[in-house]
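**Student:** Turn these sequences into a full structure, and let the hints steer you where they fit.
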Amino acid sequence: MLTPTEIIALRLSLQVALTAVALSLPLAVLIAWLLTRFQFAGRSLLDAVVHLPLVLPPVVIGYFLLVVFGTKGPIGAWLYETFGVRLIFSRSGAILAAAVMSFPLMVRAVRLALEAVDRGLEAAARTLGATRPDVFFSITLPLMLPGIVSGCIIAFAAALGDFGATITFVGNVEGETQTLSLAIYSLTQAPDGDAAALRLVLISLALALVALYLSDWLARRVGRYIGRA
Amino acid sequence: MGITALFGASGAGKSTLLNLVAGLLRPDEGLIAVGQRVFFDSAAGIDVPVEQRELGVVFQDPRLFPHLTVRRNLMFGLRRAGARADAAQVTPDAVIELLGLAALLERRPHTLSGGERQRVAIGRALLAQPRLLLMDEPLASLDAARKAEVLRHIERLRDKFRVPILYVSHAADEVLRLARSLVALDRGAVIGAGPIDDTLRDPAVARLFPAFEAGSLLHCVVRGHDERYGLTVLAIEDSVELRVPRMDLERGSVVRVRIPARDVALALSQPADVSTVNRLAGNVVRVDPIDATHVDVQVLVGRATALRVRVTQEATERLALVPGLPVWCLIKSVALDRATLLMADEAAVTPLFALAANDAASGPQR
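So the sequences go chain by chain: A and B. With positions in the first sequence counted from 1, the corresponding number in this note's numbering is that position plus 4. With positions in the second sequence counted from 1, the corresponding number in this note's numbering is that position plus 8.
These aren't lab readings, by the way, just hints derived from the structure by calculation. Here a beta-carbon is modelled for each residue, glycine too, at the ideal position from N, C-alpha and C.
Taking beta-carbon pairs under 8 Å as the criterion, some of the chain A residues facing chain B (in silico):
#1 LEU125
#2 ALA127
#3 ALA128
#4 ARG130
#5 GLY133
#6 ALA134
#7 ILE143
#8 LEU147
#9 TYR229
**Tutor:** Structure, rendered in structure tokens:
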């Protein structure tokens, strides 16, 4: 049904998007926590930096990634010399680009969820003998779950769809960095690629529909779990 | 032991004080200690975290955890009580039975009624094995029927478990019904503290009970019934008795009655030709002018019973009322019924209700 090339692009896309979401989730929760619960110097700066990928052209983000994480960039060089890890033109780099691009959406959703958690419940839990970390894991986190789920889904969609940052930072290497979007782009550039491009477009559409349905189902399950249904 | 009420008008600082004790608010300076344990001492740099204070708090809103069943809500504190849970005097079974929660255990908080939620919240706080249970207006968000339901359960737990309770309320009826001790707050300052009967005798404290007229709150034992005249005899002390319309109460039961100060009249000699049933001899203890017209007089009857009497300034001068003067207090027995009606305003299980039911025709005096 699907050609081997299509399967490779589909699997790569899913892998990149899922890994990007999984890796950025803990950091998103931490940042949302800092931005919601604390007043500190540089809070607005942190808020702005987190939101940059949302307001800058993706190509610019890709360029920044190249400057910082390229083999000559400050972090990229260190990674390469210390661990032999090279991000550009690699799958890890594609994951990083997807994670950075989807990060602001994830933080926004998690932050909204955190703001909706009743601080009174946390106070009640503490009077019942729960320490601060205990309160976070037994009360706050479960109550944030609907927001975390929707944040993950939005971030997954954004990660799956990124084009500009990925192609600028890690190029268009088949089997390594060529996600669905990049594969569709390549095919539209080829003289006889229209039919193949349409097939990939339909796959993207199916993926989007499944993701939407899944998120709806999950949201309902989670809503019932925390007693909002 | 028993319930200590923290009473005052809205904004008097009751809830602030409770939150300071609980550790949910942090004072600028001062000392907070419960029993021998110091929770906060700004001078010594001590500030025990909330979770280590080993208190239970029942808030005005139940604050049940929505993602947990009633059972897991109840067990939340117990599972974190550590060593105290092993020697637990307050067991889950006892609490579930006392608060009538058996049918609710597998349900989620959002399916419960307001009264049920507050009962679960009380059970959850109790099961955390608190050294002191703090209750912050636990009835304030409930309607009258739910209020009566929860009030009954609070009375039951007070009598069954030996947990001291600090009860914040601005509702005079709750305080009079539940509390053994009273701390009265006014604009952030304590204006009276001690056993409730003594504290209420202070005019400054009594002034905070606007729904109630000034009066005396007395504990009486039912001594017997006078079937011929349909009267019940209450003993305040061995030699001090009150006669009230027949009440359906067993001999030996204890009732609280309130005698409004203005329903007591004073005479300098034993009056022979008045209809008043209750005539008690005593001595004037204090004479406090309230305003230009009214004077608050305290009379000691028997050995330790203080009776508040409201007379006019004119009468005070005419009778030359001064501390030490022997007087007779005339109490109309109907005044007793009325007073008790004020307290037993709901379908309560306390003896007071029986007292009120006898005179139900006159209706509550609110």
